[in-house]
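Enquirer: Under this note's numbering, the letters of the sequence shown match residues 8 to 309, in that order.
A couple of the hints might just be wrong.
As the list claims (entries may be wrong) - Beta-carbon label-pair distances, calculated as ranges:
1. Ala106 - Leu50: 20 to 28 Å
2. Tyr155 - Lys236: 38 to 46 Å
3. Thr140 - Thr294: 55 to 63 Å
To be verified - Mimicking PhoX-like on lysine-lysine, the simulated pairs with C-alpha atoms at most 25 Å apart in a straight line are:
4. Lys22 - Lys238
5. Lys61 - Lys119
6. Lys76 - Lys61
Just so you know, the hints here were simulated from the structure itself, not pulled from any lab data.
Quick caveat: nothing in here was measured; it's all calculated off a predicted structure.
Even for Gly, the Cβ is constructed at its ideal location relative to N, Cα and C.
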Amino acid sequence: MTLQNRSNEPNTRRKTRNTFREWKFILVSAWAFHFASSFAVILLGSMRYGDDRKYIPVDAQKVNGDCFKAYVNILASSAAEEEGIICCTKEIADGICGAVPSFLLFARRLTKLPEAWLLPLFPLLVRWAVQFTQGGFTNTTNTKRRFYLYIGLIQIRGWILYLVFDKIENFMVQPAENQCWYDDVLKSYQAPCAGQVTDYSDHIVLFYAQILPIALAELLFSFMVPYWKKKSILVPTILSTGLLYLYGIVFLAAYKTVAYYHTLFEIGVGYLISLLTQVPLFLIMSTSLMEPVQDYFFGINT
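Hey, can you work out the whole structure from these sequences and the hints?
Expert: Here's what the structure looks like:
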């Protein structure tokens, strides 16, 4: 670090903190909306039936030759129970049988690579693309730091919040029973009583710990310190529309996850785990509790 850079550090910190204070109401409001809307989707999904249901996919041919997909509610007492078994046919193509519309770009790829990594980074990718077309990059040090921060959070979600917590869960929960009423329709690779073991929702963790909060944090900072030309409306429109679209497809996937594929307890555990990344990002951006961290990743050059 040069002597000139060191002399600019106090001014950089001052400008950074003043800017964050000026934006505090907007930042807190944006994060409050994020938390409230995320929880509302979980609440709406849990109200889909009014009682706990947990569906797993089974062998459609073993259920009925007319099914192109089939699911069993593992919490049902028998196949005779209403919607204990769901057979998806051409006539029954809504609810759990409904396919995600093909025009919803990325909606079917949220849980797959590379989309699960790239989608939360889209505001940062837009920043780099715009700066490249404008002939150069600005504030590259802090931008790189945020990139490494986001990649680090993605790795934490994948290796710790998923794999490690999954191992802990397997150690703590009781094994499934040896025989269940739906064993005869399971797929060949599924173990007897598949789905009976408590399994927190890793999709909820992915959606709420990785995809949404990272994109939200970078987009908010982009509007705090615009990097586009003053009269340009194209870039802010792309960012705003992109984030709203991302929330839309994530909330659609989260709703179906809550409504069909996990118990409310499993969803709740998944959401609590997701707070391990959501809350720190909120604190860094919206409070003075972590100002040194804020300066390091979101420092504004004078």
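Enquirer: Taking the hints in turn, state whether each one holds.
Expert: Hints and how they fare:
1. Between alanine 106 and leucine 50 the Cβ separation comes to about 25 Å, which falls inside the hinted range of 20 to 28 Å.
2. Between tyrosine 155 and lysine 236 the CB atoms are about 28 Å apart, so this pair departs from the stated range of 38 to 46 Å.
3. Restraint check, threonine 140 to threonine 294: a C-beta distance of roughly 35 Å breaks the suggested window 55 to 63 Å.
4. Between lysine 22 and lysine 238 the CA atoms are separated by roughly 23 Å; this keeps the pair inside 25 Å, and the hint holds.
5. Taken as a hint, the lysine 61 and lysine 119 pair is honoured in the structure, with Cα atoms around 22 Å apart against an allowance of 25 Å.
6. As the CA atoms of lysine 76 and lysine 61 are separated by approximately 16 Å, the hinted pair is consistent with the 25 Å bound.
The earlier numbered hints that this structure contradicts are 2 and 3.
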